[in-house]
Amino acid sequence: MTQSDILIKHLSTVFDPELGANIVELGMVKAVDHKGLTVKIDLALTIADCPMRNQIEKEITRKLTLLENVETVEINVVAMDQKDRTAVMEKARKKARENAQPTKVDPRTRVIAIGSGKGGVGKSTLSTNIALGLSKKGFKTGLLDADIWGFSIPRLLGIKGRIEANDEKLMIPYDYDNLKVISTGLITSDEDTALMWRGLMLSKALEQFLTNVDWGDLDYLIIDLPPGTGDIQMALSRLLPQAELIVVTTPQLMAQKVATRVADMAKRSFIPLLGVIENMSYFETSNGDKFNIFGKGGGDALAEQFSIQVLGKIPISEDTNDIADDGTPLILQEKNTPTKTEIEKLISVIANKLPPIVDETCTGRLAKVFEELSK
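This note's numbering applies: residue 257 is where the sequence shown begins, and numbers increase by one.
None of these hints come from the bench; they were simulated from the model. Cβ coordinates follow ideal geometry from the N, Cα and C atoms, glycine included. The reader is advised that the hints may include incorrect statements.
Claimed, not checked - List of simulated lysine-lysine pairs, DSSO-like, C-alpha gap at most 30 angstroms: (1) Lys-339 x Lys-523; (2) Lys-374 x Lys-296; (3) Lys-374 x Lys-416; (4) Lys-393 x Lys-265; (5) Lys-460 x Lys-396; (6) Lys-416 x Lys-460; (7) Lys-360 x Lys-339; (8) Lys-569 x Lys-591; (9) Lys-569 x Lys-513; (10) Lys-523 x Lys-374; (11) Lys-569 x Lys-396; (12) Lys-601 x Lys-396; (13) Lys-319 x Lys-339; (14) Lys-286 x Lys-319; (15) Lys-569 x Lys-393; (16) Lys-460 x Lys-523; (17) Lys-347 x Lys-460; (18) Lys-546 x Lys-460; (19) Lys-546 x Lys-523; (20) Lys-314 x Lys-523; (21) Lys-265 x Lys-374; (22) Lys-513 x Lys-393.
Unchecked claim - Restraint ranges, calculated between C-beta atoms of paired labels, are given here: (23) Gly-375 x Ile-428: 35 to 41 angstroms; (24) Glu-463 x Asp-556: 32 to 38 angstroms; (25) Ala-287 x Lys-425: 41 to 47 angstroms; (26) Ala-287 x Phe-547: 55 to 61 angstroms.
Full structure from sequences and hints, please.
Written out as structure tokens, the structure is:
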């Protein structure tokens, strides 16, 4: 083994604590030069002022100076270009998939997490209607209410029942017209019961909902996240590395600034950003008049900042709140309103942008063609 091989071998024991893989595997070591008692290293970081930089440099120095013929380590830090950064993110996600604990969610299931920077932007309402809309399109769909102490899915669907366990002691999701639903609101004695749980218990509850629930075979799992960037969000990236995120914001620029934190969290956790939904985009009367009562531009600004798509702009219509509070999902209401129309368009956009994995195979595509020809 050459001296260079020995150095690389030792460098491969230095891990980036944020990415969870060693710096050689991640392609961060660009050059190694050993002359006399000095080793010079070119180290590429995702950003030059990476918060983990000091820790990584110290660990490199510590590991290499343990070698007999190394007294000094000089580290030249450079920022990665976009190509290298993308490659590192792909490797980190691959590592996360390999190390992920097994759950009852099939790896081929499309997992779409729906998050927001703050409460009150309609995230749960959108999660409910998107899940139900995908189910109505014939896709096998699950809806997980991951807002453990702020659950609202049971009320939005008008569910009064409670979930049970099967013979294997796995929780059976509530069947709402073929949509599989799990929520702490279906476990507690009633929806007014307060859950006095702290962070670790919250992430543990999410883990239970993924590992101790008989989800069966799903095309999609929609996850309604709590607002913000806390324990649940971090646990999600660890437990379901195939998850992708939709960020919900309102047109207000202030709301967009808050939503930016969620999008940034997703990038740091290597969760792909599927797109942005601008909710309460405007108010439309029954006469078709539109009013930007919450300002405008928030969704577009967020999408531009992260180079992602605005999936839909959902308006407020007359009677929207009364129908939702009654436990009738907006897409099931008899009356065609601007809100219902735009949500239906949004569901089609999501299904087209992220089709079930089976549909992306050659067989799946042929099946679609034959289905169209038979109509």
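Against the structure, the hints:
In summary, the hint linking Lys-339 to Lys-523 is supported, as the alpha carbons are separated by about 15 angstroms, within the 30 angstroms threshold. With a CA separation close to 46 angstroms, the supplied pair Lys-374 and Lys-296 exceeds the 30 angstroms bound. With a CA separation close to 27 angstroms, the supplied pair Lys-374 and Lys-416 stays within the 30 angstroms bound. This hinted pair does not check out: Lys-393 and Lys-265 have alpha carbons roughly 52 angstroms apart, beyond 30 angstroms.
Proposed proximity of Lys-460 and Lys-396 is supported: the alpha carbons are some 26 angstroms apart, at most 30 angstroms. Distance hint between Lys-416 and Lys-460 is fulfilled; the C-alpha atoms sit about 25 angstroms from each other, no more than 30 angstroms. Straight-line distance between C-alpha atoms of Lys-360 and Lys-339 comes to about 34 angstroms, which puts the hinted pair past the 30 angstroms bound. Among the hinted pairs, Lys-569 with Lys-591 is consistent with the structure: their alpha-carbon atoms are about 20 angstroms apart, no more than 30 angstroms.
Among the hinted pairs, Lys-569 with Lys-513 is consistent with the structure: their alpha-carbon atoms are about 18 angstroms apart, no more than 30 angstroms. Under the criterion of a C-alpha separation no larger than 30 angstroms, the hint pairing Lys-523 with Lys-374 is consistent with the structure, at around 18 angstroms. A threshold of 30 angstroms between alpha carbons decides the hint, and for Lys-569 with Lys-396 the separation of about 26 angstroms falls inside it, so the pair holds. A threshold of 30 angstroms between alpha carbons decides the hint, and for Lys-601 with Lys-396 the separation of about 19 angstroms falls inside it, so the pair holds.
Distance hint between Lys-319 and Lys-339 is fulfilled; the C-alpha atoms sit about 29 angstroms from each other, no more than 30 angstroms. Only pairs whose Cα atoms come within 30 angstroms are accepted, and Lys-286 paired with Lys-319 is accepted, the gap being roughly 18 angstroms. Pair hint Lys-569 plus Lys-393 holds up; C-alpha atoms about 21 angstroms apart against a cutoff of 30 angstroms. Taken as a hint, the Lys-460 and Lys-523 pair is honoured in the structure, with Cα atoms around 23 angstroms apart against an allowance of 30 angstroms.
At roughly 27 angstroms between alpha-carbon atoms, Lys-347 and Lys-460 fall within 30 angstroms of each other, so this suggested pair holds. The straight-line distance between the Cα atoms of Lys-546 and Lys-460 is roughly 44 angstroms, outside the 30 angstroms bound, and the hint therefore fails. Distance hint between Lys-546 and Lys-523 is unfulfilled; the C-alpha atoms sit about 35 angstroms from each other, more than 30 angstroms. Taking the CA atoms of Lys-314 and Lys-523, the gap is near 25 angstroms; set against the 30 angstroms cutoff, the hint holds.
Taking the CA atoms of Lys-265 and Lys-374, the gap is about 45 angstroms. The hint is violated against a cut of 30 angstroms. A distance of roughly 34 angstroms separates the Cα atoms of Lys-513 and Lys-393; the hinted pair therefore is violated under the 30 angstroms criterion. Hint check: Gly-375 to Ile-428, Cβ distance near 29 angstroms, so the stated range 35 to 41 angstroms is violated. A C-beta distance of roughly 36 angstroms is found between Glu-463 and Asp-556, which places it inside the suggested range of 32 to 38 angstroms.
The beta-carbon spacing between Ala-287 and Lys-425, approximately 55 angstroms, falls outside the hinted interval of 41 to 47 angstroms. The supplied range of 55 to 61 angstroms is met by Ala-287 and Phe-547, whose beta-carbon atoms lie about 60 angstroms from each other.
The structure is inconsistent with the numbered hints 2, 4, 7, 18, 19, 21, 22, 23, 25, although it conforms to all the rest.
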